[in-house]
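Asker: Residue-level listing of the chains:
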Amino acid sequence: AQSVTQPDIHITVSEGASLELRCNYSYGATPYLFWYVQSPGQGLQLLLKYFSGDTLVQGIKGFEAEFKRSQSSFNLRKPSVHWSDAAEYFCAVGPPRAGNMLTFGGGTRLMVKP
Amino acid sequence: EAGVAQSPRYKIIEKRQSVAFWCNPISGHATLYWYQQILGQGPKLLIQFQNNGVVDDSQLPKDRFSAERLKGVDSTLKIQPAKLEDSAVYLCASGRGTEAFFGQGTRLTVV
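Heads up: the sequence lines are chains A and B, in that order.
Under this note's numbering, the residues of the first sequence are numbered 53 to 166, in order.
Under this note's numbering, the residues of the second sequence are numbered 7 to 117, in order.
Honestly, the hints are just simulated from the structure, not real lab data.
Note that beta-carbon positions come from the ideal geometry of N, C-alpha and C, so glycine has one too.
A hint or two may mislead.
Unchecked claim - Rough simulated footprint, nothing fancy, chain A against chain B, three-plus residues with beta-carbon under 8 Å:
#1 51-64
#2 105-112
Claimed, not checked - Simulated crosslink set (BS3-like; lysine-lysine; CA at most 27 Å straight-line):
#3 B/Lys50 to A/Lys113
#4 A/Lys120 to B/Lys50
#5 B/Lys68 to B/Lys17
#6 B/Lys50 to B/Lys89
#7 A/Lys101 to A/Lys113
#8 A/Lys101 to B/Lys68
#9 B/Lys50 to B/Lys77
#10 B/Lys68 to B/Lys50
What the hints assert, rightly or not - Residues on chain B that point at chain A, a partial pick, calculated with CB under 8 Å:
#11 Gly48
#12 Ser93
#13 Leu97
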């Protein structure tokens, strides 16, 4: 069965600092991979997705993620965090060609210090 | 385009009562999902519809949960009777292709 692990439950960074959120997955084959962001009281918004090809994918709001097959990882990065990035971030996997049936990680709550 | 609409936004009920949630997906999206998000956890898929047929309901507690998608558009999720552990946010999502779009969710509190 597929699973997603986000090892960091909470992360605090200073505004302007760089950010990396970790995601590891367990899946029989290379799944479709996603990062979503959830602000308080809001639904999930897709930041970026990986299906195939270039292992470094660019998303919205200046986020990027790198797929590393050998490590079964899909870590999310941002070079300079803004206060508005404070939210909960979820990594998710979905089966190829049916990527919408998602299995989510437990989430990482990002706090940004001024 | 309009997003996924869910109602109500909030609901408080007593245990053993029944409750229903409504979802209106994005127009033209054939696939519709219900997820349960317990506080502090990631969303968990409950059921997936393709048009008005069920694709996967393996994680739906069928003794108390039911869902339907009338005419392949709107969907309702019902819980009867509710338990304390059903307190969660219920998220509806719709999709076409490989991306799912989520509604704001219904926050259910069972007391």
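Asker: Does each hint fit the structure? Answer for all of them.
Answerer: Quick rundown of the hints versus the structure:
1. Remark: the region 51-64 of chain B is confirmed as covered by chain A, as 4 of its residues place a Cβ nearer than 8 Å to a Cβ of that chain, reaching the required three.
2. A count of 7 residues in the region 105-112 of chain B with a Cβ less than 8 Å from any Cβ of chain A is obtained; the coverage claim is therefore met, three being the minimum.
3. Between lysine 50 of chain B and lysine 113 of chain A the alpha-carbon distance is near 26 Å, which keeps this suggested pair within the 27 Å criterion.
4. Taking the CA atoms of lysine 120 of chain A and lysine 50 of chain B, the gap is about 25 Å. The hint holds against a cut of 27 Å.
5. This hinted pair checks out: lysine 68 of chain B and lysine 17 of chain B have alpha carbons roughly 21 Å apart, not beyond 27 Å.
6. The suggested pairing of lysine 50 of chain B with lysine 89 of chain B holds, with an alpha-carbon distance near 17 Å, which does not exceed 27 Å.
7. About 14 Å separates the Cα atoms of lysine 101 of chain A and lysine 113 of chain A, which keeps this hinted pair within 27 Å; it holds.
8. Simply put, lysine 101 of chain A and lysine 68 of chain B have alpha-carbon atoms about 32 Å apart, too far for the 27 Å limit, and the pair is violated.
9. A distance of roughly 25 Å separates the Cα atoms of lysine 50 of chain B and lysine 77 of chain B; the hinted pair therefore holds under the 27 Å criterion.
10. A C-alpha spacing of about 15 Å is found between lysine 68 of chain B and lysine 50 of chain B, which places the hinted pair at or below 27 Å, so the restraint holds.
11. For glycine 48 of chain B, the shortest C-beta to C-beta distance to chain A is roughly 3 Å, which falls under 8 Å, so the interface hint holds.
12. Restraint check, serine 93 of chain B versus chain A: the minimum CB separation of about 16 Å is more than 8 Å; hint violated.
13. With 8 Å as the threshold, the beta carbon of leucine 97 of chain B comes within range of chain A, its nearest partner Cβ sitting at about 7 Å, so the hint holds.
Checked against the numbered hints above, the structure breaks hints 8, 12 and satisfies the rest.
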